[in-house]
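**Student:** Join the two chains into one complex using the hints; note that each chain is given alone, in its own frame.
Residue numbers (my numbering), protein chains in the order written: chain A, 16 to 319; chain B, 40 to 242.
These are computed hints drawn from the structure, not numbers from a lab.
Hints are not guaranteed to be accurate.
[To be verified] Dumping the calculated BS3-like pairs for lysine-lysine here, alpha-carbon to alpha-carbon at most 27 Å:
| id | chain 1 | residue 1 | chain 2 | residue 2 |
| --- | --- | --- | --- | --- |
| 1 | B | Lys-175 | A | Lys-245 |
| 2 | B | Lys-225 | A | Lys-265 |
| 3 | A | Lys-54 | B | Lys-175 |
| 4 | A | Lys-228 | A | Lys-192 |
| 5 | A | Lys-245 | B | Lys-226 |
| 6 | A | Lys-122 | B | Lys-175 |
| 7 | B | Lys-226 | A | Lys-66 |
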Amino acid sequence: MEKVQMNKKQEVEKMTDIMSKFITLVSYKLPKDVEAKLKELSAEETNPLAKIIYETMEENQKLASELKRPSCQDTGVLQYFVKCGENFPLIGQLDSILKQSVYKSTKETPLRHNSVETFDEYNTGENIGNGSPSIFWEIEEDSDKVEIYTYMAGGGCTLPGMATVLMPGEGYEGVVKFVLDRMTTYGLNACPPLLVGVGIGTSVETAAMNSKKALMRPVGSKNTNENAAKMEKLLEDGINAIGLGPQGLKGSKSLMGVNVVNTARHPSTIGVAINTGCWSHRRGKITFDANLNYEIGTHEGVTL
Amino acid sequence: MRKKVLTTPINDEDLKDIKTGDLIYLTGTLVTCRDVAHRRLIEQGVPLPVDLKGNAIFHAGPIVRDNGNENYEIVSVGPTTSMRMEKFEKEFIAETGVKVIVGKGGMGKNTEEGCREHKALHVVFPAGNAVLAATKVERIKEVHWKDLGMPESLWVCEVKEFGPLIVSIDAEGNNVFEQNKVEFNKKKEEQYELISKQVGFIK
Numbered sequence: 016m017e018k019v020q021m022n023k024k025q026e027v028e029k030m031t032d033i034m035s036k037f038i039t040l041v042s043y044k045l046p047k048d049v050e051a052k053l054k055e056l057s058a059e060e061t062n063p064l065a066k067i068i069y070e071t072m073e074e075n076q077k078l079a080s081e082l083k084r085p086s087c088q089d090t091g092v093l094q095y096f097v098k099c100g101e102n103f104p105l106i107g108q109l110d111s112i113l114k115q116s117v118y119k120s121t122k123e124t125p126l127r128h129n130s131v132e133t134f135d136e137y138n139t140g141e142n143i144g145n146g147s148p149s150i151f152w153e154i155e156e157d158s159d160k161v162e163i164y165t166y167m168a169g170g171g172c173t174l175p176g177m178a179t180v181l182m183p184g185e186g187y188e189g190v191v192k193f194v195l196d197r198m199t200t201y202g203l204n205a206c207p208p209l210l211v212g213v214g215i216g217t218s219v220e221t222a223a224m225n226s227k228k229a230l231m232r233p234v235g236s237k238n239t240n241e242n243a244a245k246m247e248k249l250l251e252d253g254i255n256a257i258g259l260g261p262q263g264l265k266g267s268k269s270l271m272g273v274n275v276v277n278t279a280r281h282p283s284t285i286g287v288a289i290n291t292g293c294w295s296h297r298r299g300k301i302t303f304d305a306n307l308n309y310e311i312g313t314h315e316g317v318t319l
Numbered sequence: 040m041r042k043k044v045l046t047t048p049i050n051d052e053d054l055k056d057i058k059t060g061d062l063i064y065l066t067g068t069l070v071t072c073r074d075v076a077h078r079r080l081i082e083q084g085v086p087l088p089v090d091l092k093g094n095a096i097f098h099a100g101p102i103v104r105d106n107g108n109e110n111y112e113i114v115s116v117g118p119t120t121s122m123r124m125e126k127f128e129k130e131f132i133a134e135t136g137v138k139v140i141v142g143k144g145g146m147g148k149n150t151e152e153g154c155r156e157h158k159a160l161h162v163v164f165p166a167g168n169a170v171l172a173a174t175k176v177e178r179i180k181e182v183h184w185k186d187l188g189m190p191e192s193l194w195v196c197e198v199k200e201f202g203p204l205i206v207s208i209d210a211e212g213n214n215v216f217e218q219n220k221v222e223f224n225k226k227k228e229e230q231y232e233l234i235s236k237q238v239g240f241i242k
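Bound-form chain B, shown alone (with noise of 0.2 Å):
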């Protein structure tokens, strides 16, 4: 296990020796970008506000606390659930030439594609630790899309050594949840192999 700190802008380069299961922390720009802001840039063409080429996006959805005259503090911030992402990300990665993708659980096929082709990366941090998240922003520098409420607004936030994070998709396509899940599935027929012959109440 290695660590590391990225420094956005991130280039291709920068993302050369980082393998799954890698910890890295984030420095720079990390945007919260989620469901429905993946559908209007993906299903409905409508452009991002904010400049995504070399920056990170975070699948959460954030507690902000407003001091008024558009001064804005993160309360408590998260990842959300990655794989409803999963529809849009690869396009969504093409579209914007963003570099780090981070967020909770697993994602699929196309996100390993995107990050394959357009190199870029999807790293876990360990959801539900929102405080410890919220520490490691320094500030939140805009927001747009404020009509889709506090959740999905992307908050754009400065953020530094923003981490732990885990590597879960490399920038070779490399996916280890997609890898666990092979082993998981074998033990899970073992396990069912084993408790079904013990729970015969019905005689």
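For reference, chain A alone in the conformation it holds in the complex (with noise of 0.2 Å):
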């Protein structure tokens, strides 16, 4: 493909625009993984309380990517995952932009305010404060493109978040129950059918990394390790069987999945961390090469 000659400014424009445009997109359709999902536990549901909390999701769904406009009201605080290659040109900008294109879609789209200052508290008004949105970096080397999630999570389903360490002799039966008693109390509120992520490490810092990161692995997909995948299915159909249902109102299912993502531990500790998803998981998976050609990873048929 032909190199187009911009100046760095223009260039910074251009990827403030296309992010702005992207943020937009994700607030009023869900990726592919998480409609498809849906659509299979509509199917599947015979409570008919349940069966019409579903009918109403799917025409909002509908009527919010006809009108182009949030599907949820809670257009949270936007989070961003980000792997950038260490020569893409515009790795210094990256933040900036990022910050900018949520200033930018907040006015276009439009989003709901959501930035309080801690300690002054006060809505700044524009969706962006200090430390807002969150960036989360990891740097690739020998790569020119930039590879970014961004993630819109409400407060309803990041109120049963939660991290602790637990010592080796609560063992993984310690994980489950940390997990099971967050979805009976905090869960139910938390928009079912969830997306639930679990994080497993040494601290709860990386364990509650790892949580938030298993919510950007796709519905369905399975952690690699045998042992992992088998505790996401256990934990899953235990879930299930407990019978939340849409909206904590009882139904057949109640999760959409049980994502785990570990790293290695302290021989003395188990960092655990839980982070729910709503139906309403609004992520989205956008690639820019070194001439800022994208790629839309998670949704499709659309255009920005």
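**Tutor:** Structure below.
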């Protein structure tokens, strides 16, 4: 492809514009894995009240797509998970591009103003603030591309989030107890059917980061470790058997799935964390090359 | 499951035959009212700038488009977690005479008592369906307490057959979420026993 010559300022503007439009898209259309899973859950549902809830969801998503309006009013505090090639030309500008694109999309979509400065306790009215959006970085060697996950989680499914450190004696049995307890206390208010992210590591912050990364993994994907995959399945079946149902008002199924992400641990600790994604799991993945040509990995048949 | 349309102003008699698990729709005045508005009225004693007697509140923070000249349009609106207002809701019902509280998820003993003593309902709008809800709002009549920002302002909405609304607490104080919780906890213990036997990975 012919290399388009642009100065840095134009490149920054172009990428900000694309990212702003991408955020808008994520606000009104769910990724294809989530759409497919909801369809499947709706078809399987037998509880009459739960069926009405699924029908309401389907109608809402249709309207949101047509009207290009945020399908849920709580458009969250934007989070980005970035894997940036060491040679991506805008590596130094990326943080400010991503922040600016939230501001721009907030005006244009519009998104809700969800950035409240702590202690001073005022809403900035701009949906950006100190450390908001949050941007988590990984650097990739020998690459000039950037892969960006953008995630919009509302307050409801953020509330169940929790991390702790177990003693090895509590074992993976302790992990099961930790996750199940969170489901019956907070999970039912977090807009099930949920995608449950479980992170395992050493300490609270490693486990917490793993649990959020777990929510970036597609619905229906499996952990490559056999035991971890077994635990995903056991927890999924177990939580479904509790019977929370959509909106916690009972139903055949309660989950879109359980994703576990794990890293090595200190011999004396098991760090565990949970994060939940609501049924309106607004996750999007976009990849840019060095010329700012982009590809959207999560949504099909869409234009920005 | 029965369907019913409630029209504001609502009186005690209108709520007599409504039971938990019923589906209802709401026509009339629905005011968004959440954390800080509850706190202001109950903790700080600041009177609400809008009369809620016989009307409905919505635990919600909408996205509103400002068209200028005090003309606003609801873009997306949906319920937020009602439990956050539990601490204030009994006194709030007593103080305001509100008849229907629309929200998400369950509420607790405090709200149960408020609903029973003062005849009111807590109902659930299926959350996350904010565009559908917005299309049921005919217009924004007034806005108050704009100093609280877009999500927390009191948006006074005129709605038509707003729903589906699932009754979670009825005017007798029956509470579907509290009843379900007993069953969920029992099943959770069973599942823990079952799963914990199969995850002995540390050998």
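**Student:** Let me make sure I understand: some of the numbered hints might not hold for this structure. Which ones are they, in numerical order?
**Tutor:** 1
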